[in-house]
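As you go down the protein sequences, you meet chains A and B in turn. In terms of our numbering, the first sequence has 79 at position 79, counting the first letter as 1, and numbering is strictly consecutive. In terms of our numbering, the second sequence has 38 at position 38, counting the first letter as 1, and numbering is strictly consecutive.
In short, the hints are calculated from the structure, not lab data. Quantities reported herein were computed from a predicted structural model and do not represent experimental measurements. Worth double-checking, as some hints may not be accurate.
What the hints assert, rightly or not - Below, in silico cross-link-like pairs of lysine to aspartate or glutamate (EDC-like), each with a Cα-Cα straight-line distance of 16 Å or less: (1) B:Lys-70 with B:Asp-93; (2) B:Lys-36 with B:Asp-54; (3) A:Lys-62 with A:Glu-14; (4) A:Lys-62 with A:Asp-74; (5) A:Lys-44 with B:Asp-58; (6) B:Lys-68 with B:Asp-58; (7) A:Lys-44 with B:Asp-3; (8) A:Lys-62 with A:Asp-86; (9) A:Lys-44 with B:Asp-54.
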Amino acid sequence: EAGVAQSPRYKIIEKRQSVAFWCNPISGHATLYWYQQILGQGPKLLIQFQNNGVVDDSQLPKDRFSAERLKGVDSTLKIQPAKLEDSAVYLCASSLGLAGGGQETQYFGPGTRLLVL
Amino acid sequence: GEDVEQSLFLSVREGDSSVINCTYTDSSSTYLYWYKQEPGAGLQLLTYIFSNMDMKQDQRLTVLLNKKDKHLSLRIADTQTGDSAIYFCAETDLGGYNKLIFGAGTRLAVHP
Chain A
1 EAGVAQSPRY KIIEKRQSVA FWCNPISGHA TLYWYQQILG QGPKLLIQFQ NNGVVDDSQL
61 PKDRFSAERL KGVDSTLKIQ PAKLEDSAVY LCASSLGLAG GGQETQYFGP GTRLLVL
Chain B
1 GEDVEQSLFL SVREGDSSVI NCTYTDSSST YLYWYKQEPG AGLQLLTYIF SNMDMKQDQR
61 LTVLLNKKDK HLSLRIADTQ TGDSAIYFCA ETDLGGYNKL IFGAGTRLAV HP
């Protein structure tokens, strides 16, 4: 079974430029998550989708970050304009998204490492 | 709000046991997780424990949960050099649709 795919793996941009990351979750997974992992810290959830709807974007800096999952499968995360403090690893994860709650394992992709100069 | 804390660094000799500790604040957490991250890689789920359990064992891994003290530990028996990585403790946020709250991670270094 293929895992969560992300691209690009690395990106270097200058501040005030824009950047986009792509994620393809595990086939059949309804829930998709974007996490930001700053060096030396644990991942922090930015946004969570259930199919193509947003269920949690409370920690997404909406003035510069946006994300979409138009057909309920792939997702893109965009930063425009980027700031120095956006340098981090952006991790995508997916889970089955079962109704009724219960334990659900999140499977993580390899991440996109962003450096803003 | 929720908070998860871990010690930042642990060094052990190959063949010894490693114990990584974690404390959490959300008493309503139902599941607590241990993830492993190797350099340049994503997070790999090692194990999880339901909050009504005290202990869970899975091959070389033993998870202990003290719900009263909100303390979680991961013991790795017979630690190998391949176990060198960063280990993250995480709790679920019941109000957040399975959202994970992570600690800062414990870097485990295994030396000969």
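Hint check results:
no., hint, result
1, B:Lys-70 with B:Asp-93, "holds (15 Å)"
2, B:Lys-36 with B:Asp-54, "violated (21 Å)"
3, A:Lys-62 with A:Glu-14, "violated (20 Å)"
4, A:Lys-62 with A:Asp-74, "violated (20 Å)"
5, A:Lys-44 with B:Asp-58, "violated (27 Å)"
6, B:Lys-68 with B:Asp-58, "violated (23 Å)"
7, A:Lys-44 with B:Asp-3, "holds (12 Å)"
8, A:Lys-62 with A:Asp-86, "holds (13 Å)"
9, A:Lys-44 with B:Asp-54, "violated (27 Å)"
Checked against the numbered hints given earlier, this structure breaks hints 2, 3, 4, 5, 6 and 9; the rest are met.
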